[in-house]
Amino acid sequence: MTSQGQPGNWERYVWPILATAAFLAFWYFAVAWSGTKIFPSPREVERGLAELLREGVLYRDIVDSLRRVAMGYVAAVFLGIPLGLLFGWYPAVNQVVNPVIQILRPISPIAWIPIAIIFFGVGDHAAIFLVFLGAFFPILVTCVDSVAGVPLIYRRAGSNFGFTPPQLLARVVFPAALPQILVGLRIALGIAWLVVVAGEMIAVNSGLGYLIIDSRNSGKRYDLVVGAMLLIGVIGLILDLLFRRIETMKPVRWGFRNDS
Amino acid sequence: MSANPIIETNAPASRLQTKLRTENVSMVFTRDGESMSVLENINLEVGDGEFVCLLGPSGCGKSTLLSAIAGFFKPTVGEIRIDGEAVRNPDPRRIFVFQERGVFPWLTVEGNIGFGLARLSRSERMQRVSHYIKMVGLEGFEKSYPHELSGGMKQRVEVARALAVNPDVLFLDEPFGALDSITRMVMRGELLRIWLAERKTILFVTHDIDEAVQLADRVVVMSARPGRIQQVVHIDIPHPRDISSPRYLELRDGILSQIGLAHNL
Chain C
59 MTSQGQPGNW ERYVWPILAT AAFLAFWYFA VAWSGTKIFP SPREVERGLA ELLREGVLYR
119 DIVDSLRRVA MGYVAAVFLG IPLGLLFGWY PAVNQVVNPV IQILRPISPI AWIPIAIIFF
179 GVGDHAAIFL VFLGAFFPIL VTCVDSVAGV PLIYRRAGSN FGFTPPQLLA RVVFPAALPQ
239 ILVGLRIALG IAWLVVVAGE MIAVNSGLGY LIIDSRNSGK RYDLVVGAML LIGVIGLILD
299 LLFRRIETMK PVRWGFRNDS
Chain R
84 MSANPIIETN APASRLQTKL RTENVSMVFT RDGESMSVLE NINLEVGDGE FVCLLGPSGC
144 GKSTLLSAIA GFFKPTVGEI RIDGEAVRNP DPRRIFVFQE RGVFPWLTVE GNIGFGLARL
204 SRSERMQRVS HYIKMVGLEG FEKSYPHELS GGMKQRVEVA RALAVNPDVL FLDEPFGALD
264 SITRMVMRGE LLRIWLAERK TILFVTHDID EAVQLADRVV VMSARPGRIQ QVVHIDIPHP
324 RDISSPRYLE LRDGILSQIG LAHNL
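Heads up: the protein sequence lines correspond to chains C and R, in order.
For the first sequence, the tail end lands on 318 under my numbering, and the numbers increase by one without skipping.
For the second sequence, the tail end lands on 348 under my numbering, and the numbers increase by one without skipping.
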């Protein structure tokens, strides 16, 4: 961004707050003027969420959703990164497995729901498996690409110091590829958060996804439906902001700056 | 003026033992079914502790030759021997210095310089690292990352990283090419100081005639497409060199005309 386009310090907060206020105002008046009896107003949503908070349900749903995302995501990271390094490092292996990956990758995790239920039954494991699937392929694919894209000069400089291939992978290729891998990890986290909501609508009876489907089915509480939707948005934003902080750490920051 | 201003020899000065030898090295690259001869019949001997510059226009194959000698790939024809042993792979006894682009951006100055010292104990490693940090004048920047350094400082880091593993041979591929002219001059002086202190064998690729004549014991002038050794010039001026001395200018102008450039712009 040029210095001209760089917002001032106060502007960084004022404009987003104004935009949010404008959005809420639009929502409020749209509900009021259309006279809808179904779609809730911001005030009704606030009251609904407060009610859930008092009953202690909301907190449990949030924790359950986050727990499922964490488990599926961590499994995807621990499987996806080593495999990605391996496939990226040995192009011959990649040629063998790439067609399979490319066929599986475009299948939405939602399409896996029946299979997941056969494998794991209705319950936590099925939802976690769906999160894992959603996160695994983006991690694997960016990892393969970023390893293959490590400049020859780093590989040569590393190999000159007499390391074995596993050492070279750990000490040169992985850190050189890490900034790009982090980009993949961040995208995968976003997808994991998308998928968990879908998984919770079918496979389990807790979590924010379940809250949405349950609120609709038992009494058409659209105030709670919209409230849960907003919460999902806010938590997704927070997760993304937290992840971005990793990108400013010194051993990887070089990969995110234009001027280094 | 002497009758023969340029002393030509393919062999190092006789007092030096042969460190490195290329025997009839040729290199052919094949691209899109067409083969292209990059190096043709290179025979070169470098003495132990000698400073040799490979000089030539860009595209003459001098970097290719250096990479082959470093063991990054095999020549199509011929053999490269170091200490009598055929070169097959890169080896930590012989370190290749790229332009500052070879510095690892994910490691601090300390981490870069200690990169090749994983086998040493922590205290030994730190001692070695701080010795070379001092040698290249980077005290106070131990914890800095490369993106926080200038080009010249990054180049120092790479030279220190190479020296820290105590190699016999250094290969430098246009190491100062990306630096501004003042920093370049300073870095040449520092490289000479280090070379005079440590007496490594140095093979230095450059397209800068002045740089070659300022630094080298011998300058190997190469011609382009296919790369051949056109001439080897012995620079018989003791260090520190007076770069406005008649002998310096004579040698430089000799190489200039050899390459086919006029003395006037």
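Just so you know, not all the hints are guaranteed correct.
[Stated by the list, open to error] Using C-beta positions, here's what the derived DEER-type ranges look like:
| id | chain 1 | residue 1 | chain 2 | residue 2 | range |
| --- | --- | --- | --- | --- | --- |
| 1 | C | 299 | R | 111 | 26 to 32 Å |
| 2 | R | 209 | C | 113 | 57 to 63 Å |
| 3 | C | 150 | R | 111 | 24 to 30 Å |
| 4 | R | 142 | C | 228 | 20 to 26 Å |
| 5 | C | 153 | R | 117 | 23 to 29 Å |
| 6 | C | 159 | R | 117 | 21 to 27 Å |
| 7 | C | 162 | R | 282 | 56 to 62 Å |
| 8 | C | 213 | R | 217 | 52 to 58 Å |
[Unchecked claim] Straight-line distance between alpha carbons at most 25 Å, and here's what the computed PhoX-like set of lysine-lysine pairs gives:
| id | chain 1 | residue 1 | chain 2 | residue 2 |
| --- | --- | --- | --- | --- |
| 9 | R | 226 | C | 308 |
| 10 | C | 308 | R | 217 |
| 11 | C | 95 | C | 308 |
Treat the hints as calculated values from the structure; they're not laboratory data.
Being a predicted model, the structure only gives us computed values, none of them experimental.
Positions of the beta carbon are idealized from the N, C-alpha and C atoms, including for glycine.
Verification of the supplied hints:
The given range of 26 to 32 Å is broken by residue 299 of chain C and residue 111 of chain R, whose C-beta atoms sit roughly 55 Å from each other. A C-beta distance of roughly 59 Å is found between residue 209 of chain R and residue 113 of chain C, which places it inside the suggested range of 57 to 63 Å. The supplied range of 24 to 30 Å is met by residue 150 of chain C and residue 111 of chain R, whose beta-carbon atoms lie about 25 Å from each other. Taking 20 to 26 Å as the suggested C-beta distance range, the pair residue 142 of chain R and residue 228 of chain C does not conform, at roughly 37 Å.
Separated by about 26 Å at the C-beta atoms, residue 153 of chain C and residue 117 of chain R satisfy the suggested range of 23 to 29 Å. A hinted range of 21 to 27 Å for the beta carbons of residue 159 of chain C and residue 117 of chain R is inconsistent with their spacing of about 35 Å. Here the CB-CB span from residue 162 of chain C to residue 282 of chain R is close to 59 Å, well matched to the stated 56 to 62 Å. Taken as a hint, the range 52 to 58 Å is violated for the pair residue 213 of chain C and residue 217 of chain R, whose Cβ atoms sit roughly 30 Å apart.
Distance hint between residue 226 of chain R and residue 308 of chain C is fulfilled; the C-alpha atoms sit about 11 Å from each other, no more than 25 Å. A distance of roughly 24 Å separates the Cα atoms of residue 308 of chain C and residue 217 of chain R; the hinted pair therefore holds under the 25 Å criterion. Straight-line distance between C-alpha atoms of residue 95 of chain C and residue 308 of chain C comes to about 53 Å, which puts the hinted pair past the 25 Å bound.
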